[in-house]
Structure formats: structure tokens, C-alpha cells
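So the sequences go chain by chain: Z and P. For what it's worth, our numbering labels the leading residue of the first sequence as 14, then goes sequentially. For what it's worth, our numbering labels the leading residue of the second sequence as 31, then goes sequentially.
Do not rely on the hints blindly, as some may be mistaken.
[To be verified] Subject to a maximum C-alpha distance of 20 Å in a straight line, what follows is the list of computed EDC-like cross-link-like pairs (lysine to aspartate or glutamate):
(1) Z:LYS219 x P:GLU342
(2) P:LYS400 x P:ASP317
(3) Z:LYS219 x P:GLU83
(4) P:LYS296 x P:ASP391
(5) P:LYS215 x P:GLU199
(6) P:LYS286 x P:ASP241
Calculated directly from the structure, the hints in this document are not laboratory data.
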Amino acid sequence: MSDGSMTMDAAIAPASAARRAVPVHGSRRTYSAYALVTPAAALMLIMLLGPLAGVIALSFTDYQLGAPHFSWIGLANYQDLFADKVFWTALRNTLTYVVIVVPGAVIAGLAIALLIQSGTSLRSLYRTIYFLPVMATLIAMAVVWEFMLHPQFGLVNGMLRGAGLPAFAWLQDRNTALYALCAIGIWQAVGFNMVLFLAGLVSIPKQLYEAAEIDGASSGWARFRLVTWPMLGPVTTFVVVISGIRSFQVFDTVHVLTKGGPSKSTEVLIHTMYTEGFEFFRSGYAAAITVVFLVFVLLLTLIKSRLADRGVHYT
Amino acid sequence: MAQIELSAIRKSFDGTDVLKGIDFRIEDGEFISLVGPSGCGKSTLLRVIAGLEPQNSGEVRIDGRPVDGIRPSARNLAMVFQSYALYPHLNTFDNIAVPLRMRRLSAIERLPLLGAVLPGRRAKERHIRNDVEAIAEQLDIAPLLRRKPGQLSGGQRQRVAVGRAMVREPRAFLFDEPLSNLDAKLRVHMRAELAELHRRLKATFVYVTHDQAEAMTMSSRIAVMMDGELIQAGTPAEIYNDPEDIRVAEFIGSPKINILPGRIRKDGGVDVLGTALKLSCRAAAGDCRVGVRPERIDLGAGPFSGTVVHLENLGAEAFVHLAIEGSGLRLIARLADVRHLPGMASSVTFGFAPDAVRIFDPAGKRIELKVEQPERVREPAHV
Chain Z
14 MSDGSMTMDA AIAPASAARR AVPVHGSRRT YSAYALVTPA AALMLIMLLG PLAGVIALSF
74 TDYQLGAPHF SWIGLANYQD LFADKVFWTA LRNTLTYVVI VVPGAVIAGL AIALLIQSGT
134 SLRSLYRTIY FLPVMATLIA MAVVWEFMLH PQFGLVNGML RGAGLPAFAW LQDRNTALYA
194 LCAIGIWQAV GFNMVLFLAG LVSIPKQLYE AAEIDGASSG WARFRLVTWP MLGPVTTFVV
254 VISGIRSFQV FDTVHVLTKG GPSKSTEVLI HTMYTEGFEF FRSGYAAAIT VVFLVFVLLL
314 TLIKSRLADR GVHYT
Chain P
31 MAQIELSAIR KSFDGTDVLK GIDFRIEDGE FISLVGPSGC GKSTLLRVIA GLEPQNSGEV
91 RIDGRPVDGI RPSARNLAMV FQSYALYPHL NTFDNIAVPL RMRRLSAIER LPLLGAVLPG
151 RRAKERHIRN DVEAIAEQLD IAPLLRRKPG QLSGGQRQRV AVGRAMVREP RAFLFDEPLS
211 NLDAKLRVHM RAELAELHRR LKATFVYVTH DQAEAMTMSS RIAVMMDGEL IQAGTPAEIY
271 NDPEDIRVAE FIGSPKINIL PGRIRKDGGV DVLGTALKLS CRAAAGDCRV GVRPERIDLG
331 AGPFSGTVVH LENLGAEAFV HLAIEGSGLR LIARLADVRH LPGMASSVTF GFAPDAVRIF
391 DPAGKRIELK VEQPERVREP AHV
């Protein structure tokens, strides 16, 4: 048997079979197996796991950006963090943002996808229009939103005044600023969710709708409950988790429009991290915030994989 | 339970005519098969009956009442799809219960949490449970009620789909190639089961298939469709023995009917391969096509001769492929006795009885024949 075919065997055969192999070739096989795995493992270590470990390690130090020395200070950063009122405000604001934006963006995305799917003409036009916010740079779009929400000459207040309603200083009022950002967040995420839902809708077999119709599901709502919603289950889980993670990461709109103000009413986790890390150069402290942020994202991911395991009825 | 009448049904997709004026009447309690090659419009016709596809013109009447403006859900027909179209997220029990829940529960009662606490829901659910379990018992799927479609085999899914159709006692059953996703052995088994089910329910069955064996074995009547037209309808024996069109003759029967070039003489006699057959017709002189079923070819004697080019021995029967000498034509003969097969490349003579012959004009229409003498063309066979 040639060496080439031996390597092939090693790659294909299950581990138990490899162990039973002829001893002369045994070590050789193991080496080639490791050699094949090395590039991928190295890349993963350098690109993904390394930085993560670095951040976690950094959160136990008093390192400041550019400083020549640092020392290990254990959990002191976390102690400071949990005693800091700004951190709790940021966490509360972030969670509020997530709780509003995720359902808003998911429901709106699904509704638009259903409308586009049921339409007969101009479908690709609508798809493109709703997808525009996803493609556009959010920073640039944020500037447009700043104009739209301007207290004096903004479009939104202009419309309100036209309807005889009082105007608001949306982004300057601590009672409305976070909700204005939520609205922008939903506006930005809807297009992306819509595309995912559209892909999910297309993959539902048409015959299921016909079977539902024959079985007596005559109203659109009955067919949605019987076919569309359950069949979209995996897509919905994915969309919820992605929207959740992206909402946790909210930063650009906050940074451009409010900088966390007025009086910390729009302070969010990543913005706090940015301020601490890149304005006050407290890298160790910023790393601790990042770790807290990562815990939340990890939780979401765990929930998703749990739900995905439960939804294995698609064969 | 239901009689279905179709009159002048036309349907076209993007300018292509799929149904070109179908008139047909399906009697109450009949097992009717719509059979034809793929693309002949049989599935479309079924979908028109179901209401899933609106016809461009013509009328569908069920029990004498036009149903054209009526939604599929209100026509009270059941349909079994080729892919079974089971709801993958529901287990067998819930799949079968769907038609009952849709009809017996209001929209509010079907809501997940709120519905359960409404008065009367419990009793209705109990009835539904009883009905579903009775159906499952009949179809031998009671042990599968908790499984999801993904955990069932093809045959089991098929049964669940039939159960879902049966459970609400519809006016008629529509089947859209329900056996085509099963393996050959299971298909034969399910054929018998479906025929048995029809005898038991005595309901109207409309069964679409491209498999002529399914149509021949199960149905009380067969309707053969070609190119959007219904060419012939009749009992399986009529369709097989008295095809009115050469396309019907060629489609029904396996192996295919042998078609030989023939000629009608001025005096009404018929020549085939240069030999006069002992029969006559009233058609005008000219070319014609002569069809003889493989089992009506008698090997060993007769006016024709050919070379054996291929043998198919199936154990219980055998098919002998012959190249007819001097013409390059091929034909197939069926031998019931496989113990006396001719050798490969050997030369054999063959013939056929006049009453085995069906003659078609160049357009494919059947020509009526008169057999001249009752006795056979050939001498006793010595193979």
C-alpha cells in the first residue's frame, strides 16, 4: 500500500480503526494527522482564542494604554466596576435597548418579509429599499437621523407640528433619548432580519400551505399559525439571537448622536468601555467591561444552541 | 358520497394550454384513476377539482352544485399529496387532528394558552382524540402517534397522510401520485391497501398517477389523458383491450404494445409486412398501423419470421425481443412458459390471431375490424 493511500485512510477511518493500524505506519499516520490539523488550529488560536484570552488576562491587571509596566491586581477591576454607578446605568440602558430593539426589529422584519412575499410585483425593489439601511454606513445614517430629529428644523418635529402635536428635543431630553436610539436601532436592523425571514419563507414547501388549505385553514392567520410560524422556527431563533447580540453591541449611534448623554441616559456598555479604554486609557478596566459584555453574548449563544437542539424536526 | 362533474375545463399557464376542454363525470363511490405521461395535465386537473388551481373556463360541480367560487377548505374534499405534505413540527396525532381542530374549534379555541381554558374545549378535544385514535387503529399507526414525520418511514408517512385525509369523512378523496415516493415492493403493498380502503369506505376516489400498473390494479375506471385532453375513459379491461387511440394503446400495457406498419387494400383487406391478415375493415385504402399486444404474439408458427435479439426471463414469464427479418423492425413477445425459450440469435416464426389485432389510422384513431374467419391464422405451435 502506498503512503498516499495510507494518509487517505487515516483521514477517513474512525479513530478506533486508526489505532488498530499496522504499528510500523502508526506514528507516521499520527504525524500526518497532526500536520493536517495544525494550520487550522494555529489560525484559530491566533485569530480567535488568543485575543479572547488576552482580554481576560488584561482584565486582571492595571495596564494603561501605552504604559511600560503593569501589575496583576486580581479582581480589583471587577470590584471597581460593580461599585461604579455608571456601569450599572450602562448595563440597565443596554438591557432596555435590547429588550425594545430585539422584539421590534424581529416583528417588523417578519411583517415586512410576509408583505413582500405575498406581493406580486416590485418585490425586488421593496427588498432593496428595506435592505438599504443595512448596506449604508451607520455613522453616515446617524448624521441624517440627527438632522431628522433636530428640535427646530428636524423632519420629525416638523411633521408633529403639522399634525398639531408638541415638538420634542428627542436626543437632548433624558426621557426620550434612549428610545429615539432604539427607534434608529430597529430601523437599522429591520432590513437584515427581513432578508433572513424572506430566505426562510422561500424554503417553506408550497404544498404545506395547500395541505393547510385543504385541511380547513381558510384564514391567513390560521395558515400562519399552522405552517409559517412553526416552519420559521429555526430562522426566528437565529434572527432573535443575532439581533440580540447586535443590540448588545450598540455603539456607533450612541457615539455619534449622544455620547452617552444627556446625563448618562444613553450610556451603554460598549460606549462605557470605549470611554474608559480609549479616552481615559484604563485598558485593564475596559477589559473587565468587555468580559462582562462577553458573558451576556455567550449566554445568548447558549440559549440559541439549546433552542436549535430542540428544533430538530426538520428533515 | 360525492359525484363530481367537470364540463369544458380549460386551464393555461403563461399562454401554454395545459387543459384543453375536459368533460368528465365521476360517479359516486367510484375509484377513478387519471393516468397519462408526465405533463399531460392530470395533476392540474386534480388541483382544479380541489380548488387549488382556478380553471380559466369551464365548471366543476360536486353533487350537482357548482363549486367554482368556493375555497378549497370549504369544498370538503381531502387530498393526499405526492410529498405527503405532513406538518413536520407536529407529531402523527396532531397531524391527523389538524382537519378536525380546524373545523370543530373556533379561532379563539385554537389559541395556545387561552384556548385551553375556554369552556367546551375539553369535551371537543376528547372527541377529536377519540376520532384520531379510531383512525390510527384502522390504519395500524396507533404506536406511531407520538412520533414526528421525520421519524417515520415513507410507508408510514403515507399512512399518516391517508389518515389525515380520512379523519373528517370528506365528500371525496383526491390522490396526487401518492405512491411514487415509495420503493417498488412497498408500492405494490400500498396498492392493495388503498384498493381495500376504497372498498371499505365506499367513497369517491380520484387518483392521479403516471404508473399504468397502479391505474390498472386499483381503479374501477381509468381516464387516460394526453396533452391536456381526456382521450378515453373506461374500465381497466376496456382501456386495455379496446383502446380508441394509438396513444392509449401505447401507454397502457407493459411491455408496450407492438406497432407494425400496415396497409389497407382497396377491398378493405389489411396487409402487414407484406402478408394479408384474415380480416377486413370499411376504412379507405391507405397506410395504417397495426397493434398487437406482446402476449398475443404466438411464437413457433405463423407467416412471419424474426431473429431473437434479446431475452428477458422474469421467472414466471419471459419477454422475447425479435428483429423482424427484412424490415429492421423490433417486436416483443411474451412467453408464459419459460421452460421452452428460443435460443439467442435463433430464427423463429411467429403469427397472431386476427382478433388480437387493433388497427389505427395514420392520425392514431382506431379503425373497426371485421374478422373474416373464426379459425386462427397459425398452426399449433411447436417451439
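With the threshold set at 20 Å, check whether the alpha-carbon distance from LYS296 of chain P to ASP391 of chain P stays at or below it. Judged against 20 Å, a Cα distance of about 15 Å means the pair holds.
Holds or violated: LYS219 of chain Z and GLU342 of chain P, Cα atoms, limit 20 Å. Status violated; Cα separation ~43 Å.
Between LYS219 of chain Z and GLU83 of chain P, is the straight-line Cα distance small enough, at 20 Å or below? Cα-Cα ~13 Å, so holds.
Sort out whether GLU199 of chain P lies within 20 Å of LYS215 of chain P, counting only the CA atoms. This hinted pair is violated, its Cα atoms lying about 29 Å apart.
Between LYS286 of chain P and ASP241 of chain P, does the CA-CA distance stay at or below 20 Å? 13 Å, holds
Is LYS400 of chain P close enough to ASP317 of chain P, meaning Cα to Cα at most 20 Å? Roughly 18 Å separates the two Cα atoms, so the pair holds.
Of the numbered hints stated above, those contradicted by the structure are hints 1, 5, listed in ascending order.
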